[in-house]
Amino acid sequence: SSGINAEYGGADELMGGYSRHRGAWERNGDEEMIREIEMDINRISERNLGRDNRVIGDHQRDCVAPFLDETFVSFVNSLSIHYKVNFELPRGQGEKVILRKVAEMLGLPSCSVLPKKAIQFGSKIAKLEKRKEKGGDVCSRLVTKDGT
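Here our numbering = 1-based position in the sequence shown + 11.
Some hints could be false.
[As the list claims (entries may be wrong)] Label pairs and their in silico Cβ distance ranges: (1) 92 with 115: 19 to 29 Å; (2) 53 with 91: 18 to 28 Å; (3) 19 with 118: 33 to 43 Å; (4) 61 with 118: 34 to 44 Å; (5) 37 with 73: 13 to 23 Å; (6) 43 with 109: 15 to 25 Å.
[What the hints assert, rightly or not] Distance condition first, Cα-Cα at most 25 Å in a straight line; then the derived DSS-like pairs of lysine-lysine: (7) 128 with 112; (8) 112 with 127; (9) 107 with 127; (10) 128 with 107.
In case anyone wonders, no lab produced these hints; they're calculated from the structure. Note that CB positions come from ideal geometry on N, CA and C, so glycine has one too.
All chains should be built: construct the whole structure from the sequences, respecting the hints.
So this is what it looks like as structure tokens:
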């Protein structure tokens, strides 16, 4: 088997896929939503990528991340926000609009209307864990007494 995994992180950050993006839009419109999206893009490396890299590396794999390719990110960032989100549409349709259109064009209409469900919540692992840790937190159970 191949030692390379595909990791599809970045789509939510780039294209308004989190519920807090919708909440920001509902509170103050496009301006606050765009600020929230920019904040997510700027902190993706500390919140998500370090964690993902550790998990992938633990399994002696390499990773490609097409949604984080510099050319792709530059292209998506050059688009009007309205190609990425339309929060007038219901949840499961108004987020990541351009990706949903691509899914439709590829003959995957049922995928194009599914609401986002993060794996830690969809799998119920977060509920079983019963901890309030975030992706960017240092896990105290894994740190040695000398801090390494």
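Going through the hints against the structure:
1. Taking 19 to 29 Å as the suggested C-beta distance range, the pair residue 92 and residue 115 conforms, at roughly 20 Å.
2. The supplied range of 18 to 28 Å is met by residue 53 and residue 91, whose beta-carbon atoms lie about 20 Å from each other.
3. Restraint check, residue 19 to residue 118: a C-beta distance of roughly 19 Å breaks the suggested window 33 to 43 Å.
4. One distance hint, 34 to 44 Å for the beta-carbon pair residue 61 and residue 118, holds here, with the actual separation near 36 Å.
5. At roughly 40 Å, the beta carbons of residue 37 and residue 73 sit outside the given window of 13 to 23 Å.
6. The beta-carbon spacing between residue 43 and residue 109, approximately 21 Å, falls within the hinted interval of 15 to 25 Å.
7. Pair hint residue 128 plus residue 112 holds up; C-alpha atoms about 19 Å apart against a cutoff of 25 Å.
8. Between residue 112 and residue 127 the CA atoms are separated by roughly 15 Å; this keeps the pair inside 25 Å, and the hint holds.
9. Between residue 107 and residue 127 the CA atoms are separated by roughly 10 Å; this keeps the pair inside 25 Å, and the hint holds.
10. Restraint check for residue 128 and residue 107: satisfied, since their Cα atoms lie roughly 13 Å apart, inside the 25 Å limit.
This entry does not satisfy hints 3, 5, going by the numbered hints stated previously.
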